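Q: Residue-level listing of the chains:
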Amino acid sequence: MRVVALFCLAAIVLSSDRVIAEVDFERILHAAEEPHNWLTYNGGYSSQRYSKLKQITRRNVDKLELKWILQNQVFGAWQSNPIIVDGIMYLTERPNDVMAVDAVTGRVFWIYRHTPAANTQVCCGANNRGVAVLGDKVYSGTLDGSLIALDRINGKLLWSVEVGDVNLAYSVTMAPIAVKDKIIVGVGGGEYGIRGYVVAYDAASGEQAWKFYTIPGPGEPGHDTWQGDDWEHGGAPVWITGSFDPALNLTYWGVGNPGPDWNAGQRPGDNLYSDSVVALDADSGELKWHFQFTPNDGYDYDSVQVPVLVDRDWQGKPAKLMLWANRNGYFYVLDRVTGKFLLGKPFVKVNWSSGLDENGRPIPTPQPDGMPTWPGNQGGTNWYPPSYSPRTDLFYFSAWEDYATIYQAIEQEYVPGGLFLGGGFSVKVPVHGAPTIGIGRTWPINYWTDEVGHASLMAMDPDTGQAVWKYEQFDVSDSGMLTTASDLLFTGGREGYLHALDARNGKLLWKVALGGQIVMAPVTYMVAGVQFVTVISGNAMATFALQD
Amino acid sequence: MKTKTRLTLFVMTVVLAAGTYSLAQMSDHIYTSQVIETGSRVYVRHCALCHGPDGSWVEGIDLARGRFHLAVSDEDLRRAILSGAADGRMPAVNLSEADLAGIIAYIRTGFEPEGSAVAIGNVLRGRGLFEGKGECTACHRVNGRGPRTAPDLSDIGAIRTPGALQRSLIAPASALLPINRAVTIVTRDGEKITGRRLNEDTYTVQLIDAEERLRSLVKSNLVSYEISATPTHEPTSLSSDEVADVIAYLLALRGQL
Chain A
1 MRVVALFCLA AIVLSSDRVI AEVDFERILH AAEEPHNWLT YNGGYSSQRY
51 SKLKQITRRN VDKLELKWIL QNQVFGAWQS NPIIVDGIMY LTERPNDVMA
101 VDAVTGRVFW IYRHTPAANT QVCCGANNRG VAVLGDKVYS GTLDGSLIAL
151 DRINGKLLWS VEVGDVNLAY SVTMAPIAVK DKIIVGVGGG EYGIRGYVVA
201 YDAASGEQAW KFYTIPGPGE PGHDTWQGDD WEHGGAPVWI TGSFDPALNL
251 TYWGVGNPGP DWNAGQRPGD NLYSDSVVAL DADSGELKWH FQFTPNDGYD
301 YDSVQVPVLV DRDWQGKPAK LMLWANRNGY FYVLDRVTGK FLLGKPFVKV
351 NWSSGLDENG RPIPTPQPDG MPTWPGNQGG TNWYPPSYSP RTDLFYFSAW
401 EDYATIYQAI EQEYVPGGLF LGGGFSVKVP VHGAPTIGIG RTWPINYWTD
451 EVGHASLMAM DPDTGQAVWK YEQFDVSDSG MLTTASDLLF TGGREGYLHA
501 LDARNGKLLW KVALGGQIVM APVTYMVAGV QFVTVISGNA MATFALQD
Chain B
1 MKTKTRLTLF VMTVVLAAGT YSLAQMSDHI YTSQVIETGS RVYVRHCALC
51 HGPDGSWVEG IDLARGRFHL AVSDEDLRRA ILSGAADGRM PAVNLSEADL
101 AGIIAYIRTG FEPEGSAVAI GNVLRGRGLF EGKGECTACH RVNGRGPRTA
151 PDLSDIGAIR TPGALQRSLI APASALLPIN RAVTIVTRDG EKITGRRLNE
201 DTYTVQLIDA EERLRSLVKS NLVSYEISAT PTHEPTSLSS DEVADVIAYL
251 LALRGQL
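Residue numbers (the working numbering), protein chains in the order written: chain A, 1 to 548; chain B, 1 to 257.
Okay, chain A solo, but in the shape it has when bound:
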């Protein structure tokens, strides 16, 4: 309780000293030291989604009770992740609103409504995943390809810049990240033949600071991994927030699929930097290294997972690592200083490749026409954020098991702004015509059953690439993870349960049925000495704390 008292004191001091406590870069840099707040999309630059809060413990977690619910009035998968600053929550909601909410009561201070242009195209739902906060501003991407800066106090628009051309189906679905004096975002549109990039703006003015194309242009290294004009519309979007290592001054970004998605034969070559992680200098955007997980991908194995940065021993020596469970079904450990491949092991059934060579390059084993490929199109895992707990030294993520799809490649010409898929897929089902898993869940009855795939929460040992334990669900899960210093692991799933597990052994300690699919990760924060856990389920954001 002493820690709790300190946090209380800190909050009081902050609120009495200034009208608004500025969220400067130094504060974000040391986000882990103020666990009462949640200052970036993934809770800090290392993206571990690990909180030092421990008022809620393994012993008292069953005393959690609902404190408030905030309902989104626009239906559809709500994938936003809130940021919490000194008792105020900033988040996005459908269709493209930004709002400020009292984190204790769930009552709304202001809403900024952005109505996306009528010709907005986002392949898989109107998912804006959240905001960045820096200084006195809140930053959000828009589905029609802009970045906006709002006044954090009153929600008024301060500036707006075009990140990508909506007419060519560029969009911004990810939460921006603030690094030093810059706001950095990537673009979506991998199903529409964009040419992806990461771009940084001056946080004060919105002036562009640097831009890194995820497909190299003529004369640049890697350009020869494309043929003809394929590079001009080769996809490689960046639609999930990256990470930052201040000591190395590197930002890390997962890059999405090449286009057209399912016809790899139409774009010969490795197709850099699709399905890769790129390490970019935070000040200049210069590429320092890259690692490609899936060269010449024909399965839509986006590598838009969150780069999780961990400092721990590797083979007996202190190391700066990056842990990565990839959509292609392999778990990787990389050296984040150099990008060197250290370990790669399949965590689900994989048959598109027979293994990885000593450099981590997959040995391809494409399946015959009409035969299933494991993991299926939605991957062994996907964009939902994992967690790493330094206490357990385990890496937690949602995997899809026993899920396979049958791919069909079709030659397709690129038409600007149009879908550019190059084929399609069907999910492997036990009998012809049986229902299948969708991109999200919109039905309370599970007609498809676990026979077409199910979730397995994996607790991965980074040294071995083996799961120490698994927690299985009947349906699949697109839920991210949250761990705490009291060895709690919070996660959801499509069935709408919020679970609290013992992070050490996977034992279920508490659960509550919230009824709607959970497609984001829970977050935790503390206000006035009370620790809260918040999660979005269906169209409702629910917040819990211990009974009064």
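Derived from the structure by calculation, the hints contain no laboratory data.
Computed from a prediction, not measured in an experiment: that's the story for all the values here.
Please note: incorrect hints may appear among the correct ones.
[Unchecked claim] Residues of chain A clear of chain B, computed beta-carbon distances all greater than 12 Å:
no.: 1; residue: Asp97
no.: 2; residue: Thr105
no.: 3; residue: Glu162
no.: 4; residue: Gly219
no.: 5; residue: Leu248
no.: 6; residue: Gly355
no.: 7; residue: Ala409
no.: 8; residue: Thr436
no.: 9; residue: Thr442
no.: 10; residue: Asp502
no.: 11; residue: Asp548
[Unchecked claim] Partial selection, computed: residues in chain B whose CB lies under 7 Å from chain A:
no.: 12; residue: Val44
no.: 13; residue: Ala48
no.: 14; residue: Gly52
no.: 15; residue: Asp54
no.: 16; residue: Ala164
no.: 17; residue: Pro178
no.: 18; residue: Ile179
no.: 19; residue: Asn199
no.: 20; residue: Glu200
no.: 21; residue: Asp201
For each residue, glycine too, the CB sits at the ideal point set by N, CA and C.
For chain A, the structure is supplied; the task is to place chain B on it using the hints.
A: Relative to the frame of chain A, chain B by itself:
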């Protein structure tokens, strides 16, 4: 997908989900497998991302089974595709006449490009077989008559393709949807429950038991929970003509609209 050189005639009886149903309103459409295959390619390219590989992802719509928001006729489908629908949520798709004919054929034939011709017989004879010799009413209910233990078939013609109905009759193991599998459960209290699964999640299962009671059980309270892969009925012993008649009857069951 392999190109078929043989021209298979796929005869599909089109019954649309519009108001009343009568035999007189049924019209026979004949689509060639080539046209259907063209449609499957068009579908994958333009439709599957939103509608899903099986056509069921958009709420309230099930393309393979003829459930649409507004479209009634082929012409309606054509208009929706060319002009867009649902207040712009479905974008307009500019297709050639051949592609348009293909996609409509693909939708109308229930997404079965490889499907063999399904013979469809006489509705009235089919009803006689369904209620008599076929012994279907021993387990199935239609329009308020019969037991509820097996799935109610009052609207089966609206939610299954002819091919799926044929498989259900002659090779039920290859047609039984996973959710409908028979379950056998023993509770901690020693109660043995048999029934048909209605829904399931990680912690609970919902079913209709042999006495037609709706039961919801918490898995941690169960001693055993077995899901049978074997269908509850054998492949039918009816002749192929009789099967065609039963399919005709089942296709005519469109529910109370």
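Q: Does each hint hold? Answer for all of them.
A: Going down the list of hints, with the structure as the test:
no.: 1; hint: Asp97; result: holds, 19 Å
no.: 2; hint: Thr105; result: holds, 31 Å
no.: 3; hint: Glu162; result: holds, 22 Å
no.: 4; hint: Gly219; result: holds, 34 Å
no.: 5; hint: Leu248; result: holds, 39 Å
no.: 6; hint: Gly355; result: holds, 29 Å
no.: 7; hint: Ala409; result: violated, 10 Å
no.: 8; hint: Thr436; result: violated, 6 Å
no.: 9; hint: Thr442; result: violated, 6 Å
no.: 10; hint: Asp502; result: holds, 17 Å
no.: 11; hint: Asp548; result: holds, 28 Å
no.: 12; hint: Val44; result: holds, 3 Å
no.: 13; hint: Ala48; result: holds, 5 Å
no.: 14; hint: Gly52; result: holds, 6 Å
no.: 15; hint: Asp54; result: holds, 6 Å
no.: 16; hint: Ala164; result: holds, 5 Å
no.: 17; hint: Pro178; result: holds, 4 Å
no.: 18; hint: Ile179; result: holds, 5 Å
no.: 19; hint: Asn199; result: holds, 5 Å
no.: 20; hint: Glu200; result: holds, 6 Å
no.: 21; hint: Asp201; result: holds, 4 Å
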